[in-house]
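J.: Sequence:
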Amino acid sequence: MKRTSRINSRVAMPLYAAVVLLVPAVTSASLASADDGPGPFGVTAVAAATAQSARVGALFGADRRSKLAGGHFCTASVVHSARRDLIVTAAHCLDGDSGDLVFVPGYRDGRAPYGVWDVKKRFLPDGWAKGQDEDSDVAFAVLGDRDGKGVEDVVGGNRFAAGTATGATAVTVTGYPNTREVPVSCTNKPSAHSRTQQRIDCPELSGGTSGSPWVNGDQEVVGVLGGHEEGGATDDISYSVVLGAEAAELYRDAASDP
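Quick note on the numbering used here: the sequence shown kicks off at 1 and runs consecutively.
These are computed hints drawn from the structure, not numbers from a lab.
One or more of the hints may lead you astray.
[To be verified] Lysine-lysine pairs mimicking DSS-like chemistry, simulated, CA-CA at most 27 Å apart:
#1 K120 / K149
#2 K67 / K149
#3 K121 / K149
#4 K67 / K121
#5 K130 / K120
#6 K67 / K120
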């Protein structure tokens, strides 16, 4: 389980059902970039502070707003939406026990270089909300504005891409281990764990990295660390739900939220 253990009061939140839709096919651009990636594969290192890594951030309880250091428990990332206010993470990071939350993109060493953003609404799929199905361990959250801007206006956002073939591209996983105050990243090719789960071999992705995006060479999120064993029972092997119809519809619901 790669979410830091936390104890919070339970809060009510709206849950949104997901229905089956057709999902987009793998693009030729994605297939062409199957061997892309910063390399070397399978090595985890501190992520450089770049425009791309700024789209990844840490989740904190809202009570840590004024004292961030040591308080993060999961990872999330900004994904493109018309309202420019959306993040994706693992469903087990946003469940009913997680309390009021804030998201800090580009978090490093107790600092919030791009601000602290309030989580306003959460979108969990039926499979997770009704039974904590590991095949539904992906979720979205809508953030509040800051100074009239959405989070995507400040740091940009990756495209959310359901329906890509597992292992078609190398992906870079970036997240926040709970033992560190900086993000780490690792690039490798995912492989199939099952029809509904994919895995990646990357060392040192420990507790706190749940929700980390798997980003391909086209800057698309094609996985979210979670799923089987809530992301993996060891630090060296991590999992993600295969993003399919349920995730695609949940994204549409969250992205179109008024």
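J.: Looking back at the hints listed earlier, which ones does the structure fail to meet?
T.: none
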